[in-house]
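If you read the sequences in order, they're chains A and B. Be aware that the first sequence starts at 856, since it is given in the numbering used here, and climbs by one per residue. Be aware that the second sequence starts at 23, since it is given in the numbering used here, and climbs by one per residue.
Please keep in mind that the hints were generated in silico from the structure rather than gathered at the bench. The model shown is predicted, which means the values in this text are computed figures rather than measured ones. Worth double-checking, as some hints may not be accurate.
Here are the in silico distance ranges between beta carbons for each label pair [to be verified]:
hint	chain 1	residue 1	chain 2	residue 2	range
1	A	F912	B	E150	33 to 43 Å
2	B	D90	A	R889	25 to 35 Å
3	B	S52	A	K897	33 to 43 Å
4	B	H224	A	I1094	36 to 46 Å
5	A	K897	B	A158	20 to 30 Å
6	B	R214	A	A1044	39 to 49 Å
7	A	K897	B	S96	22 to 32 Å
Beta carbons: idealized from backbone N, C-alpha and C, even for Gly.
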Amino acid sequence: MSAPGVPAAAALAGTAAVQDGGGVQLAGALDAARLALLRDLKLAFRKRGQLVQPLAFFALVTMLFPLGLSPELSRLREIAPGVLWVAALLASLLALEFLFRDDAYDGTLEQYALSGQSLTALMFAKTAAHWLLTGLPLALVAPLAALSLGAPLAALGGIVASVAVGSVALSLIGSIGAALTLGMKRSGALLSLLTLPLSLPVLIYGARATQLAMSGATPLAPLELLGALAVLGVTLAPIAAAAAVRISLE
Amino acid sequence: MLDERLEVENLHLWRGERHVLRGVRFALGSGSCLEVTGPNGSGKTSLLRTLCGLIYPEEGRVLWKGEDVRRDLSAFHARLAYLGHEPPLKADLSARENLRYWIGIRRRLAAADLDAALARVGAGAWCERLVRTLSAGQRRRVALAGLALLIVPLWILDEPTTNLDAEGQQLVGSLISEQLGRGGLVIAAVHRALPGTVRDVHRLELPP
Chain A
856 MSAPGVPAAA ALAGTAAVQD GGGVQLAGAL DAARLALLRD LKLAFRKRGQ LVQPLAFFAL
916 VTMLFPLGLS PELSRLREIA PGVLWVAALL ASLLALEFLF RDDAYDGTLE QYALSGQSLT
976 ALMFAKTAAH WLLTGLPLAL VAPLAALSLG APLAALGGIV ASVAVGSVAL SLIGSIGAAL
1036 TLGMKRSGAL LSLLTLPLSL PVLIYGARAT QLAMSGATPL APLELLGALA VLGVTLAPIA
1096 AAAAVRISLE
Chain B
23 MLDERLEVEN LHLWRGERHV LRGVRFALGS GSCLEVTGPN GSGKTSLLRT LCGLIYPEEG
83 RVLWKGEDVR RDLSAFHARL AYLGHEPPLK ADLSARENLR YWIGIRRRLA AADLDAALAR
143 VGAGAWCERL VRTLSAGQRR RVALAGLALL IVPLWILDEP TTNLDAEGQQ LVGSLISEQL
203 GRGGLVIAAV HRALPGTVRD VHRLELPP
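This is chain A alone, in the form it adopts within the complex:
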């Protein structure tokens, strides 16, 4: 009677394998991504300096214009959308350098790449943390900057929305550049050269949305285009960043 014996043996082997593993349950992709995100948030709050730097830069640059140019509201309003968005773009660039640098240095990226989890999901989690730590605060500070440039109160909603959505796209585009420049020393200049041209659409639609909001029109059309860019970034950028990280580890 060998036929019934076979499944019994297989079942035995199965339990043995589980015991060998010490009953270890592997973490799902979602758990892994959640932990990667939480780790970055926790680390950021342990070193607040890096957190404040881009924000302070953004606030300062936008406040310098009224001082340097003229306090005349009509003139300020004319340049406000451009100033706001160029400052936001540069501030987000400033924060990009920190995105993967520490992780590459201390071997965390290596462990991510060897974790058996999807590196794309982990990169997405890291970029999401980066947006929560830089893009979102930027959107929250934007009203202050806008007011100092003479934006009417009614425009603030549209401005916050445009910076919030636009910065998602900026974080994602930036994650590709940051991952590509990982192996290099003094990567700052190259990072800007790679990232800025790709960020131009965000700058154009973002400034347009801000302009429309300030003139009292609805900024919906450019906002939707910004949203489309952000969605495109969500779907493609983590894949590209993961590939670039793998190359940097070689």
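Chain A is already provided as a structure; the job is to place chain B on it using the hints.
Chain B in isolation, oriented as in the chain A frame:
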């Protein structure tokens, strides 16, 4: 007992102009340990990273249970633990937090497992301290706790005893012995032979 097998066929690796690995081949079965030795710059770390699949060799294959690991790299990665030169720890997290995130990304962790692993490596008293305040030997111990927590069949270790005191070296020996006893495989790049408690050791000497 696990029944695993790692085979390496004719591995050739170039780094720029240098021919680092020149036809490395070996096979390792369950319960065996391979010590990789050789002078500095002989390619020990490159070999380990190639085995992990981090580096693509110009020629040759790595087979896990007879299958090329390139065919499903992430499944292979789920079966291996790699410890490099430096423990992969965040200076601004405590030892315990580090393990929670590093290991938690790979497997579900109960607090009791964490405590047991930390106690095992003698970290019970200082596991809540930030890693930046720990000595190099203490960091190495935290990394060893992580290794023990992963519970995977293949360990690839780059100089696992660096910075450890005599007792720490014994700890590495007993962790490796346990891994081999479970039917696991260990590949370690070393300068000195691993502590004596390790049995069934094979050696691979890389030429300079």
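Each hint tested on the structure:
no.	hint	verdict
1	A:F912 - B:E150: 33 to 43 Å	holds (35 Å)
2	B:D90 - A:R889: 25 to 35 Å	holds (32 Å)
3	B:S52 - A:K897: 33 to 43 Å	holds (39 Å)
4	B:H224 - A:I1094: 36 to 46 Å	holds (40 Å)
5	A:K897 - B:A158: 20 to 30 Å	holds (24 Å)
6	B:R214 - A:A1044: 39 to 49 Å	holds (44 Å)
7	A:K897 - B:S96: 22 to 32 Å	holds (26 Å)
Figure legend: structure checked against the earlier numbered hints; every hint is met.
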